[in-house]
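Listed below are the residues making up each chain.
2 protein chains.
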Amino acid sequence: MTGSTDWEDFFSATPVPTELERVEKEASDFVRYHLSRGKPVALVSSGGTAIPIELNTVRFIDNFSSGQRGSASTEYLLQEGYAVIFLHRKQSKYPFTRRVDQETFLQAFLADANSSRVTVREGFASQLHTVLQEYQNCNASCSLLSVPFLYLSDYLWYLRTLAHVLSPLKKQALLYLAAAVSDFYIPKDKMPEHKVQSDGGPLKLELQLVPKMLKPLVCLWCPEAYIVSFKLETDISLLSKKAKEALLKYKHNVVIGNLLQTRKESVIMVKQDEEINIQISHEEQSKGIEIEQKIIAVVKSWHSEYMNL
Amino acid sequence: MTGSTDWEDFFSATPVPTELERVEKEASDFVRYHLSRGKPVALVSSGGTAIPIELNTVRFIDNFSSGQRGSASTEYLLQEGYAVIFLHRKQSKYPFTRRVDQETFLQAFLADANSSRVTVREGFASQLHTVLQEYQNCNASCSLLSVPFLYLSDYLWYLRTLAHVLSPLKKQALLYLAAAVSDFYIPKDKMPEHKVQSDGGPLKLELQLVPKMLKPLVCLWCPEAYIVSFKLETDISLLSKKAKEALLKYKHNVVIGNLLQTRKESVIMVKQDEEINIQISHEEQSKGIEIEQKIIAVVKSWHSEYMNL
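Residue numbers (UniProt numbering), protein chains in the order written: chain A, 1 to 309; chain B, 1 to 309.
Since the hints were made in silico from the structure, they are not lab data.
Glycine included, each C-beta is placed from N, C-alpha and C at the ideal position.
Mixed in with the good hints there might be a few duds.
[Said to hold, decoys possible] Pulled from the structure, derived: some chain A residues nowhere near chain B, Cβ distances all over 12 Å:
(1) 25
(2) 29
(3) 57
(4) 80
(5) 96
(6) 126
(7) 161
(8) 271
(9) 277
(10) 282
(11) 305
(12) 306
[Unchecked claim] Computed footprint of chain A on chain B, listed as stretches where at least three residues anywhere in the stretch have a Cβ under 8 Å from a Cβ of chain A:
(13) 116-123
(14) 197-206
Model the full structure from these sequences, guided by the hints.
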C-alpha cells in the first residue's frame with residue numbers, strides 16, 4: 001500500500017472543469033482518426049495559467065506569456081506532418097490568426113458604400129493569402145484541435161486527461177509543454193470569498209507550491225510519449241544547470257531552456273546525451289524566419305530517432 | 001508650504017514610460033484638432049492593469065477584465081459624436097475588432113488556389129460589412145486615438161498626462177474610467193531582481209496600497225471635466241453603499257456600480273442627486289443589444305446637462 005501523493009491530493013481538492021467530458025470525447029475521436037492514418041499527434045500547451053486570489057475572482061496571479069512559442073511551434077509541427085491538440089490560454093496567440101494584427105487588421109478590407117460587398121485591399125491580399133492557404137490546408141486535414149483554458153486548475157485537469165487520451169499512440173505521441181505554468185497557487189480553502197477590500201491596508205498573500213506534474217506525466221499518464229518541457233529563467237547563470245537537473249529528476253526526453261530577455265533569438269535544447277544551442281540572426285529575423293521553425297526541426301528529428309528505437 | 005502627498009511620492013518613485021512624450025504629443029494634436037471642430041473628447045480607460053512581482057518580470061498580479069466594457073462603450077461614444085482616446089491594456093478587447101472572433105475569423109475568407117486572390121465567403125460579408133463601415137467612418141473622422149499599456153505604473157502615468165492634455169476642453173472633456181485598476185502593488189525596491197525559484201518553498205507576498213488617483217484627477221489634473229468612475233464588487237450588499245461613498249469622497253460626477261456576476265445585464269448609475277438602474281433583458285441580449293449602449297446614452301445626456309450648466 002502506498003499513501004496518496006501530492007498531485008493526487010491536488011486533484012481531489014480541485015473541481016473538474018465543466019467542459020472536461022466534452023474535451024475528452026473530442027480528443028479521443030481526434031487521436032483515433034489520426035492513429036488510423038499513421039499520423040503522429042502532438043499535444044502543445046501554450047500561454048500562461050491564471051491563479052485566482054479570491055473565490056469570486058476579481059484578481060489573479062499570472063505568468064508572463066503571449067503564447068508566441070506555443071502557437072508558432074504548432075504551425076511548424078503542422079507543416080512537419082503532425083496533428084496537434086492545442087491546449088492554450090484563452091485569448092493568447094493562436095496559430096495562423098497570430099500573424100494578423102488584432103488592432104489593425106480591419107484596414108485590410110474595404111466595405112463598399114453602396115452594397116454589402118467587402119473586398120480585400122491591394123497590398124494586403126498576398127500576405128493574407130499565404131496565411132489562409134496554410135489555415136485551409138490545416139482545416140481540410142482536420143489536423144488542429146483547440147482546447148482553451150484560463151485557470152491553472154483547468155489546465156492541469158486537461159493536461160492529465162489529454163495525456164491519457166494520447167497514451168495509445170505510444171512513441172508516436174509528442175508532448176510539447178510550452179505553457180508558462182505557475183509554480184504557486186492559493187488553495188480554495190485559503191481564499192477569501194469576495195473581492196479583497198482596499199481599506200483593510202496592505203495585502204498579504206501566502207502561496208503554496210503546485211505539485212510538479214511532470215513526474216506523474218512521465219511515469220503514469222503517458223509513459224511512452226516523447227516529452228519536451230521548457231525552462232524559463234531570467235538569470236543566465238542558472239539556465240543550463242536547471243535544464244539538466246530537470247532532465248535528471250523527471251527522466252523525460254528534452255528540456256528547452258530560454259531566458260526571458262533573449263527567448264526569441266536563442267534557446268538551449270538539452271537531452272540526455274546532447275546539448276545544442278539554437279540561435280537566430282538579425283538577418284534571419286528580418287526575413288521573417290522564426291526560431292520556432294528551427295526548434296521544431298530538431299524536435300522532429302529527435303522524435304523520429306526515438307520512434308525508430 | 002504643503003508636504004508631498006502619497007500620489008506625488010508614487011510618481012517620483014516610478015519610472016516614466018518610454019513612450020510618454022510621443023503619446024502626449026499625439027494626444028495634444030488630437031485634442032486640438034477636435035477642440036477646433038467643437039467636438040467633445042472622451043478619455044476611456046479599459047482592461048486590467050498588471051502588477052509585476054519580479055523586476056525581470058515573469059509573474060504578475062492582474063485584475064480580471066476582458067476590456068468589454070471599455071471597448072464597447074468606446075464604440076457607442078463614437079456613435080454619439082465623441083472623439084475618444086482609448087487608453088487600454090495591450091491585447092484586451094479593441095473597438096470594432098472585438099466583434100470579430102480571434103480564433104475563427106479566418107473562416108470568413110477564401111484563398112484562391114490558383115491565384116493570390118482572397119474573397120469573402122457568402123454569409124460573412126454582411127456582418128463584416130457592418131463592422132467595417134463603422135470602422136471606416138471612425139478612421140475618416142480621425143475620432144479614435146489608441147494608447148496601449150501593460151503595467152499599472154504606465155497606466156497611471158498615461159492617465160495623469162492625458163488628463164492634463166484634456167483639461168483645455170474644460171466641461172467638454174469626459175473621463176470614463178472603465179479600466180480595472182489594481183488597488184495593490186509591490187514597490188520597486190521590495191521586488192526580487194530575478195524569477196522567484198520554486199525550491200524556496202511557499203511564496204509570501206506583501207502588497208502596498210496604490211494611492212487613490214481619483215483625488216488629484218478631480219482636484220488638479222482635469223478639474224472641470226465630467227468624470228465617470230466604476231466600482232466592481234462581488235458582494236451585492238456593498239455595491240450601492242460603496243458607490244455613494246466614492247462619490248462623496250472624490251466629489252466627481254458619476255459612479256457606475258456593477259457586480260462581477262451580473263455586470264453584462266445590470267448596473268447602477270449614481271450621481272449626486274440621482275441613482276438609476278440600467279438593465280438589459282435576455283430578449284434584448286439575444287438581439288445583440290449591449291448594456292453599454294444604454295449606459296452611454298445616459299452618460300451623454302448627463303454630460304450634456306453638465307455642459308449647459
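Now for the hints, and whether the structure bears them out:
1. 25: 20 Å, holds
2. 29: Nearest chain B Cβ is 20 Å from residue 29 of chain A, so the label holds.
3. 57: Violated: least Cβ distance 6 Å, not greater than 12 Å.
4. 80: 21 Å, holds
5. 96: Not fine: 6 Å to the nearest Cβ puts residue 96 of chain A too close to chain B.
6. 126: Residue 126 of chain A not clear of chain B: closest Cβ-Cβ about 5 Å, inside 12 Å.
7. 161: Since the minimum Cβ distance to chain B is about 21 Å, residue 161 of chain A lies beyond 12 Å and the statement holds.
8. 271: 23 Å, holds
9. 277: 21 Å, holds
10. 282: 21 Å, holds
11. 305: 32 Å, holds
12. 306: Nearest chain B Cβ is 29 Å from residue 306 of chain A, so the label holds.
13. 116-123: holds (count 5)
14. 197-206: holds (count 7)
Checked against the numbered hints given earlier, this structure breaks hints 3, 5, 6; the rest are met.
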